[in-house]
Amino acid sequence: MKFTQSTNTYISTFLELIIGLHKSGYWWLIPLIIILLPLSFFFILAQAVPIVAPFVYTLF
Amino acid sequence: MDILGISAFYHDAAAALVRDGIPLAAAQEERFTQIKNDPTFPINAINFCLQEGSVSINEIDWIVFYEKPLRKFERILVTHLSHFPRSSKAFSRAMFLWLGDRLWLKNRIASELGVAPKKILFTEHHQSHAASAFFPSPFRDAAILTVDGVGEWATTTFGKGSENHLEIISELHFPHSLGLLYSSITAFLGFRVNEGEQKVMGLAAYGKPAYQDQIRSLLSFSNDGSFELDVSAFRYPFDPEKSFGPKITKLLGNERKPDNPILYQSGNSKHADIAASVQLVLEECMLKLANQLHLQVPSKNLCLAGGVALNVVVNSKILEQSPFENIFIQPAAGDAGGALGAALYIYHVELNEKKRFTQKHAFLGEKAEATRSVSTRNIYEEISDEDKLIENVVHKLLNQKTVGWVQGKFEWGPRSLGHRSLIADPRNVEMKQHINQYIKHREMFRPFAPAITKENADKFFDIPKGADSAVPFMLLSVFALEEKIEFMPAALHVDNTARVQVVDKDSDPLFHKLISRFGEQTGVPILLNTSLNLQGQPMVRGENQATDLLQKSQLDCLVVENRIYN
Numbered sequence: 784m785k786f787t788q789s790t791n792t793y794i795s796t797f798l799e800l801i802i803g804l805h806k807s808g809y810w811w812l813i814p815l816i817i818i819l820l821p822l823s824f825f826f827i828l829a830q831a832v833p834i835v836a837p838f839v840y841t842l843f
Numbered sequence: 072m073d074i075l076g077i078s079a080f081y082h083d084a085a086a087a088l089v090r091d092g093i094p095l096a097a098a099q100e101e102r103f104t105q106i107k108n109d110p111t112f113p114i115n116a117i118n119f120c121l122q123e124g125s126v127s128i129n130e131i132d133w134i135v136f137y138e139k140p141l142r143k144f145e146r147i148l149v150t151h152l153s154h155f156p157r158s159s160k161a162f163s164r165a166m167f168l169w170l171g172d173r174l175w176l177k178n179r180i181a182s183e184l185g186v187a188p189k190k191i192l193f194t195e196h197h198q199s200h201a202a203s204a205f206f207p208s209p210f211r212d213a214a215i216l217t218v219d220g221v222g223e224w225a226t227t228t229f230g231k232g233s234e235n236h237l238e239i240i241s242e243l244h245f246p247h248s249l250g251l252l253y254s255s256i257t258a259f260l261g262f263r264v265n266e267g268e269q270k271v272m273g274l275a276a277y278g279k280p281a282y283q284d285q286i287r288s289l290l291s292f293s294n295d296g297s298f299e300l301d302v303s304a305f306r307y308p309f310d311p312e313k314s315f316g317p318k319i320t321k322l323l324g325n326e327r328k329p330d331n332p333i334l335y336q337s338g339n340s341k342h343a344d345i346a347a348s349v350q351l352v353l354e355e356c357m358l359k360l361a362n363q364l365h366l367q368v369p370s371k372n373l374c375l376a377g378g379v380a381l382n383v384v385v386n387s388k389i390l391e392q393s394p395f396e397n398i399f400i401q402p403a404a405g406d407a408g409g410a411l412g413a414a415l416y417i418y419h420v421e422l423n424e425k426k427r428f429t430q431k432h433a434f435l436g437e438k439a440e441a442t443r444s445v446s447t448r449n450i451y452e453e454i455s456d457e458d459k460l461i462e463n464v465v466h467k468l469l470n471q472k473t474v475g476w477v478q479g480k481f482e483w484g485p486r487s488l489g490h491r492s493l494i495a496d497p498r499n500v501e502m503k504q505h506i507n508q509y510i511k512h513r514e515m516f517r518p519f520a521p522a523i524t525k526e527n528a529d530k531f532f533d534i535p536k537g538a539d540s541a542v543p544f545m546l547l548s549v550f551a552l553e554e555k556i557e558f559m560p561a562a563l564h565v566d567n568t569a570r571v572q573v574v575d576k577d578s579d580p581l582f583h584k585l586i587s588r589f590g591e592q593t594g595v596p597i598l599l600n601t602s603l604n605l606q607g608q609p610m611v612r613g614e615n616q617a618t619d620l621l622q623k624s625q626l627d628c629l630v631v632e633n634r635i636y637n
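If you're matching them up, the sequences are chains X and S in order. Following the numbering used here, the numbering of the first sequence begins with 784 at its first residue and continues without gaps. Following the numbering used here, the numbering of the second sequence begins with 72 at its first residue and continues without gaps.
To be clear, the hints were calculated from the coordinates, so they are not data collected in a lab. Ideal Cβ placement from N, Cα and C applies to all residues, glycine included. There could be a bad hint or two in this list.
[Unchecked claim] Pairs of lysine-lysine, DSS-like flavour, derived with a Cα cap of 25 angstroms: (1) S:Lys536 to S:Lys388; (2) S:Lys190 to S:Lys555; (3) S:Lys270 to S:Lys388; (4) S:Lys189 to X:Lys806; (5) S:Lys359 to S:Lys371; (6) X:Lys785 to S:Lys190; (7) S:Lys160 to S:Lys328; (8) S:Lys189 to X:Lys785; (9) S:Lys555 to S:Lys467.
[As the list claims (entries may be wrong)] Residues from chain X shown here face chain S by an in silico Cβ test under 10 angstroms; the list is partial: (10) Gln788; (11) Asn791; (12) Tyr793; (13) Leu812; (14) Ile817; (15) Leu822; (16) Phe824; (17) Phe825; (18) Phe826; (19) Thr841.
Here chain S stands alone, though its shape is the one from the complex (with noise of 0.2 angstroms):
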């Protein structure tokens, strides 16, 4: 049985086919438009994803889509009508948008893949993020719980899971959502809401929680977990421009303007403090989450999904301070996961198959050379050998050189993974200042992941019991070991974690061996990773955005599959 899942219009469009309850394929529209959390309908992904299965539109038996379209213009409705005439302003837009295209979005996904209207389903938004969190995940029985800006109501939900079953036991609505809070301070901060929450948690390293009173005060907790925001501090309810109103500017100061710089460093580290304030309060918030949905839920383990469950130093304070005793994160835990969970519920849920497989890598994307041209405009060498590959590309990473290494199929979510990823010597501290100021032209708080060997993850971090399912993924946060903190300068964030990858030689051999051949010839088995892109653009898609990249960007070499471009 094919289904074929999709994810559109806000952000993160994707498509997800999944054969017999396993993800066959599954990738976001950004790579292959290669805009930046490209939203639009994501007809590229859906033809790759047929293209992978050998499958036609009309041989899909469901086509499901992430969310419920009909709920969400009634939450749009209501939102507006209880702050008219202040929405006003968007009222009008938002009725065109809806009226116009949304609300018959069974029409338009009908119209636009050519398919019969009753082969298309819809799923609740949190119950898609629940369902790419558990089905995938190593539990038989599991909590879940789902934490994002907005679905249809719910921004948070307590769920359970078990075997095929899975089921949301209660939800928290709009407007009070820790996503948005999130968000508002994100904007607040000058950073693009949807993209710049990963940059406030990074520049949260490096600031005091200062602010951690003004903004906790925009919050109150019940004891039954729930918690309720204080609206009046929000322009996001009304105003489709600004989501922080008065108040957050009398609680923190004037918000910084994009272009403005970004205070930080000893002396004045406003922004920074900022940023620091907002990660302890969500993290104290998430956690008194996950303590009352064990009471509700009392299972060892903990699925974790929605755009919050990116932010890895919460997943680790859960995973360490929180009754759970293991934790899976789905690696697309934003929206563009919702389109593999939406499947995998209708497969399990709906259709009440038992099949499970359990997600071990997030390789389901295209593969490298499927952009590769007949005629390159670069000069590469072609080394057949696996091992001379290895040990050309080892000797590279000893002279200081930064490598672009692309293979096999892309990632499926947000983090590069070792399949388009740019590596370096993680020894070198200069590393990080040369890669974020010449190559990737982004802030220099910006911190780089270390990816390491499996064998060997223990023997540098701190890597707590039950993280096993979460750290191929890059999904925590981790402590370096004290005595190893000099031997991995360049991919330590400022105040000594890490957002690590452990390199699984069953899941990526290749990866696993490159790093394995540096840390015979260095003691040091990891290897600096960060996504291969240019700032604002999505990760490459393959071997032609590869050699783009390489030409417009101080980049000293690329390897895409056994070619080597200089």
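Excised from the complex, chain X in its bound form (with noise of 0.2 angstroms):
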């Protein structure tokens, strides 16, 4: 995927985020999300992201 591609798909998965938020009626979460944003980038730098659900699955 190119770099360009990558950068759009991260942008409309944020504004859906965003948009999906403001319909459900959770609008005062967008606020936060737009606090931890920025870890996104570190944690997606990182790439040590474990993928596998904990053993109470409900939290994750």
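These two chains come separately, so use the hints to put the complex back together.
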């Protein structure tokens, strides 16, 4: 996947998330998402994300 | 049109390839990695599906993931915040996981598979379950009930299906979940969540529902069929390590630690009593849901999916006691089945394609010889004549040998249905203990299933009307006829019920012939059938894994296609 295509997909996912939160009445989560979002870049760059859910999966 | 369905990341990752509305291939990742309930991205299962369909990933029209990660993230954030600060322990871990990976699933799938992101679609978790139950069913219209732990928000949905249309008409949301209630008690009894629920169901038959009032007190039902859990009794909304709280301990006593003995025999059957109690309450709740669903969707037909639909005792109660006359349950009713459902949902509902199929068997996996080594370590005898092969195997069974029976493509779903099976003589009561103790190394209370030919099913079991679409997949629990109990003690549970598999000649001619020949010799056209695996491992994938199992276990012999290994 090309860099521009990948970046566009990240952006469209983010916009979809914001629109979805607004539509479902959880608009008040949007400021938190915006604060948390920069962390994503570090986490993605870290490339060390565990992909397996823990014992009780409801929180993940 | 080719659609690839994917489920992953929680439990039972899987892939399914649907071509023009018909599943060509479907498999769980665990079969390839040999890691039980493997939740990782199912790259092996995807590659298998592509190979089976003789298609490259770029030729796939749509790739569908079985749930919507953004909706799920919303639920996870809300749950964490509403339980703060108790959820703080899990928050950073969850955010690391979500912000670094899960949230960007479209990128992840596009990158893993090398496809354009515009080809990737998402369906809702319970839409996928509902589609996996309705579209493969033989029904043109049906009510649909899906019940599991949790998807995005929904834990229980009512739906209706008609031709190629499917609609979720109402849903109940997290944390109110029958699946999580059952899982919490599973954890309380010292079993692993997502795996031990079947053990609890088996254990229940040994107990009396002495704790039913205590467990019932954790639930309140409304007249409209909705229910609420007493959330104060559970920790799963904020604790990633423990799903039940002190209130459960107060009601039921101390939890069982995994290393402690399981109390299920006369004298002290506390753990079996708790299992029987949660099982009874689950049955009551599911029956209420089914009755309420029938009021809203007055169809004769019911389709079931979601992890709770793997509870065969519940399924039987619904068929016997609800107004529904016919039932179909997706053989891969858990999350793995979501891969198939997601693909079918897009094909029928989003693309408005009308061509339906009816799922009559579950043999959608890889062929046994796909993992055949050029130089096998074992010595085998090859018998090309089918009748002679059958005669040879029947002879072994009559001599009380345990036989690994590996034929054709492996099964879709958690049940072994005669393609990756361990079979034995059901007449020998000692066989039960022998297989549990010496071959599978598992708890002694675990039951086995009888596989019986379709023509003889009614002569040995009390099979309810409307069960025709469920019994080929071992998805109902039925009573053995009283006068026939003595002929199959090893294949019956302690209460003389059985998770019977009815084998149709058209769906599996070889296994049908084997059971028939055994019946001709003994008068009992039944074989004890259990999955060919060791404890804690998934069922074997193919020939190589089966021969490994033969070497590691006390299995007497193995039949792979026309090869007999001793």
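Inset, instruction - So, X:Tyr793 near chain S? Judge it on the closest CB pair being under 10 angstroms. - result: With a minimum Cβ separation of about 6 angstroms from chain S (threshold 10 angstroms), the hint on X:Tyr793 holds.
Inset, instruction - Would you check the hint for S:Lys160 and S:Lys328, treating anything up to 25 angstroms between C-alpha atoms as holding? - result: The hint holds at about 23 angstroms.
Inset, instruction - Using Cβ atoms only, decide whether X:Ile817 comes closer than 10 angstroms to chain S, and label the hint accordingly. - result: violated, 12 angstroms
Inset, instruction - Quickly compare the C-alpha distance for S:Lys270 and S:Lys388 to 25 angstroms and report which way the hint goes. - result: holds, 19 angstroms
Inset, instruction - For the hint on X:Phe825, just tell me whether its beta-carbon gets within less than 10 angstroms of chain S. - result: Where the cut-off is 10 angstroms and the nearest Cβ of chain S is about 8 angstroms from X:Phe825, the hint holds.
Inset, instruction - Identify whether the interface hint at X:Gln788 stands, where standing means a beta carbon of chain S within less than 10 angstroms of its own. - result: Constraint on X:Gln788 satisfied, holds at 7 angstroms.
Inset, instruction - Let me know if the C-beta of X:Thr841 comes in closer than 10 angstroms to any C-beta of chain S, holds or violated. - result: Interface hint status for X:Thr841: holds (5 angstroms vs cutoff 10 angstroms).
Inset, instruction - Assess, step by step, whether the Cα of S:Lys536 is no farther than 25 angstroms from the Cα of S:Lys388, and give holds or violated. - result: Since the Cα atoms of S:Lys536 and S:Lys388 sit roughly 13 angstroms apart, the hinted pair holds (cutoff 25 angstroms).
Legend entry - 25 angstroms Cα cutoff - pair S:Lys555, S:Lys467: Distance of about 23 angstroms is within 25 angstroms: holds.
Inset, instruction - Closer than 10 angstroms between Cβ atoms is the bar; does X:Phe824 clear it against chain S? Give me holds or violated. - result: holds, 9 angstroms
Legend entry - Closest C-beta approach of X:Asn791 to chain S relative to 10 angstroms, hint status: OK, holds: X:Asn791 within 10 angstroms of chain S, min 8 angstroms.
Inset, instruction - For the pair supplied as a hint, S:Lys359 and S:Lys371, confirm whether the alpha-carbon distance does not exceed 25 angstroms. - result: holds, 17 angstroms
Hint compliance for this structure: hints 2 and 14 are not met, and every other hint is.
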